[in-house]
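Chain by chain, the residues run as shown.
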Amino acid sequence: MIAFLIRRLIGAVLVLIAVSFITYLIFIKIPGGDPATRIAGRTATDQNIADIREKLRLNDPFYEQYWAMMKSLFSGSLVSYSSQLNVVDQIKSGIPATFSLCIGAAIIWLFFGILVGVIAAMTAGRWPDTAITILALIGISMPVFWLGIIARYFFAQGHPFAFLPDGGYVPFTDNPWQWFTHLLMPWWVLAILFIGFYGRVLRSNILDTINEDYVRTAKAKGLPQKRVMVKHVLRNSLIPIVTLFGLDFAAVIGGAAILTETVFDLKGVGWYAAQAVQTLDLPPIIGVTIYATFFIVLFSVLVDVAYAYLDPRIRPT
Amino acid sequence: MAERLIEVKGLKVQFATEDGIVRAVDGVDFELDRGEVLGIVGESGSGKSVTAMTLLGLTRDRNTRFEGEVLYKGRNVLAMNEDELQDVRGNEMSMIFQDPMTSLNPVYTVGAQICEAIQVHERADKPTARRRAIDLLKQVGIPNADERVDNYPHEFSGGMRQRAMIAMALACNPDVLIADEPTTALDVTIQAQIIELIDRLKDEFNSAVILITHDLGVVAEIADEILVMYAGRVVERASTRDLFYDPQMPYTWGLLGSIPRLDRPRQERLHSIKGTPPSLIRSPTGCKFRPRCPHAFDKCMQEPALENRVETPGHLDRCWLSVAEKRDLRGRTISGEEEAA
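Which chain is which? The protein sequence lines are U and B, in order.
Residue numbers for the first sequence follow the numbering used here, so the first one is 1 and each next one is one higher.
Residue numbers for the second sequence follow the numbering used here, so the first one is 1001 and each next one is one higher.
Examples of chain B residues toward chain U, derived with CB under 7 Å:
(1) Gln1086
(2) Arg1089
(3) Gly1090
(4) Thr1102
(5) Ser1103
(6) Asn1105
(7) Ala1117
(8) Val1120
Keep in mind the hints are simulated off the structure, nothing from the lab.
The model shown is predicted, which means the values in this text are computed figures rather than measured ones.
Using N, Cα and C, we set each Cβ at its ideal position, and we do this for glycine too.
Can you make the complete structure from the sequences, with help from the hints?
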């Protein structure tokens, strides 16, 4: 197990290097990416631009620039080209909002996804299953930005309700109740897609598992129906859901919640990333990319560990 | 006389499917007494597994219909509710399945899966159940049972898994052990061991065994009586001795002919029964075996009843041929000299 973890950690570091390097390369190759021109402004002379280039060391070979950027990022001194704000501080200040959003949404989608999947599987072929299938399809098909705007229109802007705040983020430490009400809509908007998706996946997992020979064995042993369902069917059906959840949660933490954060004006990491992309601001883009990659790599290791715990067949010995 | 444990009367099991009604079991009768081993033999799709699973109520479903009676010590299993069934399953009648690779839950230890039944049926606490599980594993011949009890199924070989399945099935001292093709998925050398084990444990646990197989060679060693099933019906029923020495049904001859034997001149190919088992949705009129039978004649358009036609009482078959004709014809089928037309 230790060897396995060490192997995974070495792999994780390599992935981080590769991802940051590729992001960097893409950035310097895209048109309009020259930061010096943009920082200098519209009335800049060639001399101004050249000075800025010199100051930002943009004339150095790109690998040296990359190395310098990585060094300043990990020492916490990297600043944005456009706002001159410290990138690491900006990401840190976005983390409470992003984590609040993602953890809350994850609890909702996991709970309701499993609930919906179990109900659909238990009633397979009858009307509750059909209704859930249709609703899940609608949930999966609705884009987050659209759903977010519709939700704001109905519940925050007085058509017909206005009992929820219209966007924004209040830190938990300031006012827990305000924190909760501000996040209620974003949580659900972000969770709905996953509820539909997890419900569908779990439904088909359960229906596959029910036909397994070992479930028949469990019944033949005379176990009560409920025990067969929970200990033999559900236990085995949930294993793939764990993988799915780990990777989805990492993706959401790592910035897949960009749309939700933008729609609800939550100043989280995703929102910061969106700003950086809009202004083609390389340092924050690299910073956010590394942050996202870190979580995805971390959670994929966690998923592997959880998987080994849940399924003894793949335990590293 | 030994205690009567099971009495099946006119059992019919039908599944409603999109293509029509599948008559998986179409009128089966048999009895099983304590200490007895009953073999049920037939090809895939002959209804033998469905019969066995119905004894435990495992075929119950919205789309399944039952007729007839399955009496366990006089109580009709088909009429039991789920709670009553749960008390019978694993406790009074238990079952071993064909594929030990897939019949154990991969995420629980072998011991935990054996304990489960003991804890549910006997309300035993964990340490007691565990001790029992270890004892059972020893009885079925698992070496180092104290340690192996905490292994997961994937750490067991196929033969050991089947032994563990048997231990699980015997956990609550059942009266009836139903073994559904217990050796089909195993190596030939292991097959004999498993059959011997079942035979020995039957005496130790003083229970009765229903052994289902497509291989007459497997039942020959331990069965007292054999039912040959075809298309959901019993086509021949006899004591093991009579079935091997005086088989009456051309289908049985085919089964006997398909066993490889060392005491005969080597043939190019092993005998096989031509054709495939009939559809259970639209089964043939008359004798169900008629389309594949090399000896079919006009009278076979009417279905023969399962009757005693030979001198030995209790030897029943469904064939219109006269006993003399049968005794004349069968030798060639069984030894494979006559390739079925």
